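Protein chains in written order, with this note's numbering: chain A, 1 to 475; chain B, 1 to 229.
Treat the hints loosely; a few may be bogus.
Restraint ranges, calculated between C-beta atoms of paired labels, are given here [stated by the list, open to error]:
id, chain 1, residue 1, chain 2, residue 2, range
1, B, Thr121, A, Leu247, 56 to 64 Å
2, B, Met1, A, His388, 53 to 61 Å
3, B, Lys101, A, Arg335, 49 to 57 Å
4, A, Leu303, B, Ser159, 33 to 41 Å
5, B, Leu191, A, Ser302, 39 to 47 Å
6, B, Ala8, A, Ile334, 53 to 61 Å
7, B, Glu18, A, Leu303, 32 to 40 Å
8, B, Ala8, A, Ser302, 50 to 58 Å
Covered stretches of chain A (chain B as the covering partner; in silico rule of three or more C-beta atoms under 8 Å from a C-beta of chain B) [to be verified]:
id, segment
9, 225-237
10, 365-375
Worth flagging that the hints you see were computed from the coordinates, not collected in a lab. Here the structure is a predicted model, which is why all the values come from computation and not from measurement. Every residue, glycine too, gets a C-beta built ideally from N, C-alpha and C.
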Amino acid sequence: MPATPAPKNRVRKSSDIPFFLCLGIIGGTYVILIVGILLADIAYIFSADQSQAVDLDFNRDDADRAIASGSLLTSQFDRYGLAVQCQEDTGNRPTLINDFNQYLLADNEPQADDPQLSRDEQVAMLNKNVLVATTAPEGKPHLDESIQYTFSWKEPIELKELRCLNIRGGSQLQVALYSKSGQEIGNRQLAANAAQVQLQKFQWKETPSGPVSRMVISLPPGGAITGLRFVWGGHIPSAWEARLPFLSRLIHSPFTKALAKPEIQYSIRLSLISCTITAILSLWVAIPIGYLMSRYRFFGHSLLDAILDIPIVLPPLVVGLSLLIAFQFLPVVIREIVVYEIPAVILAQFMVACAFAVRTMRATFDQIDVRHEHVALTLGCSRFQAFHRVVLPDASRGALTAATLAWARALGEFGPLLIFAGATRNKTEVLSTTVFLEMNVGDLGAAVAVSLIMVTGAVLVLIVARIWGTRSMAI
Amino acid sequence: MIQLNDIAITAGDFQLTEINLTIATGKYGVLMGRTGSGKTTLLEAVAGLSQVTAGQIILGDTDVTDMKPSQRNIGYVPQDGALFNTMSVRDHLSFALTIRKTPSAETKQRVTELAEMLEITHLLDRRPFKLSGGERQRVSLGRALSFRPTTLLLDEPLSALDEQTRDQICTLLDTIQNHTGVTVLHITHSLAEAERLADCLFRLEGEILPDSDFQGKVSPLPAATPDTG
């Protein structure tokens, strides 16, 4: 006889794993996004291509100072690690001149298929230095000899263009490029023709099989070099940097470069000061309002509560515009002091930041048992004493949270600032404005660097709020 | 003496009317009532923390109905102590005296005296979050007694304590009253507690406060402690 089958357990023992997987995936996506954008910023900063394009025309040196005609070319381009020498045994030295109109203004008409210089081009050349040679020690600069120049760079560069001049024509102008190991990696010749004056541009779309360390130019009599364009690494690494490449990247990142800019330093200073003032002002206002709203019920309480939330829900731009409009009704004297000046920065930050501080302070006071004050009152305190001696010390953590929250809000404020305070460099420029301005001029590196400064500030605030503030309300 | 004459209290939807109660000077009055019957509200009215809509409150021989809490000279021990989180035990005991600008030598002496009486000398430098339930009540009591009030209001001081601690605090309350001769109004919902401590017992039921049937049961003492004065 078959035994009656045991009743089936109808509860399906499904796995809990899909549930937790769902939680993990949905929540995790967001967390990854948060961490991801921050890491991307950091990665961008430290992996950013720091190379810079340089266009040397021999008129201005590496610090953008004018070079006088007749100067010897010595250390003017040291910053790029560039040294220029003539062939040693000739005794010639590289010299910059622009008084060669005697050679240039020859009577020649441009011809359609001939790359010689037109008169206009020649006139333009008159105001530019070109590289020629002089015979040591005090000889006159001249174009009459064939000369060989050696351009050598401490760090290999990417050559883009070399501009040479040949006023005689008929003889060859030769360029040879060498790699760091001394291997020849490129060779060009200026085609010889009968033209009297020629401007030749040697263009390199791609670096000729590797970076260039040395360039040797053989100029025929009547040859000169008018300029060159190259891309270099942005800095000459010192000896230790080869050993500590990471530290080197850190030091030469756009971050440090941004920090070195005076207008960014100004905006950091202004941000720190204005945010701190805003935080203090916000606390100054938020403590009484928070206490009032938390402890007392009066006619219009709910209305007041709603009004206090307006700055939080209002679009930031509208806050700025409304401030601007409101100040139109005030006397000109006040308007001139505030609008588009530093007070406007603080006021715009304060308008929004304070609302958050008020909310936090109110929550703080809500959490403090009203019986503490009651006891204090029976112990002989006046209302003020009870507030000042009992409630306020107890609210100090909440106050810290409120202040840091206001500080962080103020740091990120942008819309109202732009409208009400403007975005004038070295005047009303705070960090958020800097990001905007740097983006506008296309300096993404600086914008990201400043963003990172703000991220750092915000993270510090977060840490302060987490460690010393009330945890439950920390932002 | 604590005397309430025809007291009426309105707090939102809650109402108490025609409350009468008298506790003679130096007596230990216990007020019983269910949760939500308005005991605490009544106690707060006596302390001056909530307004009465009608009636008269007399403490000692003064009509204090319109006085501020600070002027009523009452010691108030709310439920679970309500200690000040940022202050040490010593600060608690000296707080009322500091407010009164008592000379520091005198304050010091009073703190020592109180700490000895309440057996909390070893806790003087602690902060509230490091105190046990019983210790908290002792500190709260000490704080309320520090300025030698004539009236002591206790709001369920024993409800959150375990059996043994409750016993200790009961004994302490007895001792305190013997020592200081303070008039006590003690709120509780525990009959055992009431019988142990009360010189006179009241029940708060609904809107009226009858001097109850238990009025006669002045400390019949289920426990071993002798009668209170």
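Here's how the hints hold up against the structure:
Roughly 59 Å separates the CB atoms of Thr121(B) and Leu247(A), a value that falls within the hinted 56 to 64 Å. One distance hint, 53 to 61 Å for the beta-carbon pair Met1(B) and His388(A), is violated here, with the actual separation near 34 Å. The hint said 49 to 57 Å for the Cβ distance between Lys101(B) and Arg335(A), and at roughly 50 Å that hint holds. Between Leu303(A) and Ser159(B) the CB atoms are about 40 Å apart, so this pair conforms to the stated range of 33 to 41 Å.
As the Cβ distance of Leu191(B) to Ser302(A) is approximately 44 Å, the hint placing it in 39 to 47 Å holds. About 54 Å separates the C-beta atoms of Ala8(B) and Ile334(A), a value consistent with the hinted range of 53 to 61 Å. A C-beta distance of roughly 37 Å is found between Glu18(B) and Leu303(A), which places it inside the suggested range of 32 to 40 Å. For Ala8(B) and Ser302(A), the hinted distance range of 50 to 58 Å is not satisfied, since their beta carbons lie about 28 Å from each other.
Here the segment 225-237 of chain A counts 0 residues with a CB under 8 Å from a CB of chain B, which misses the bar of 3, and the coverage is violated. Counting residues of the segment 365-375 of chain A whose CB lies closer than 8 Å to any CB of chain B gives 5, which reaches the minimum of 3, so the coverage claim holds.
Consistency with the previously given hints fails for numbers 2, 8 and 9, ordered from lowest to highest.
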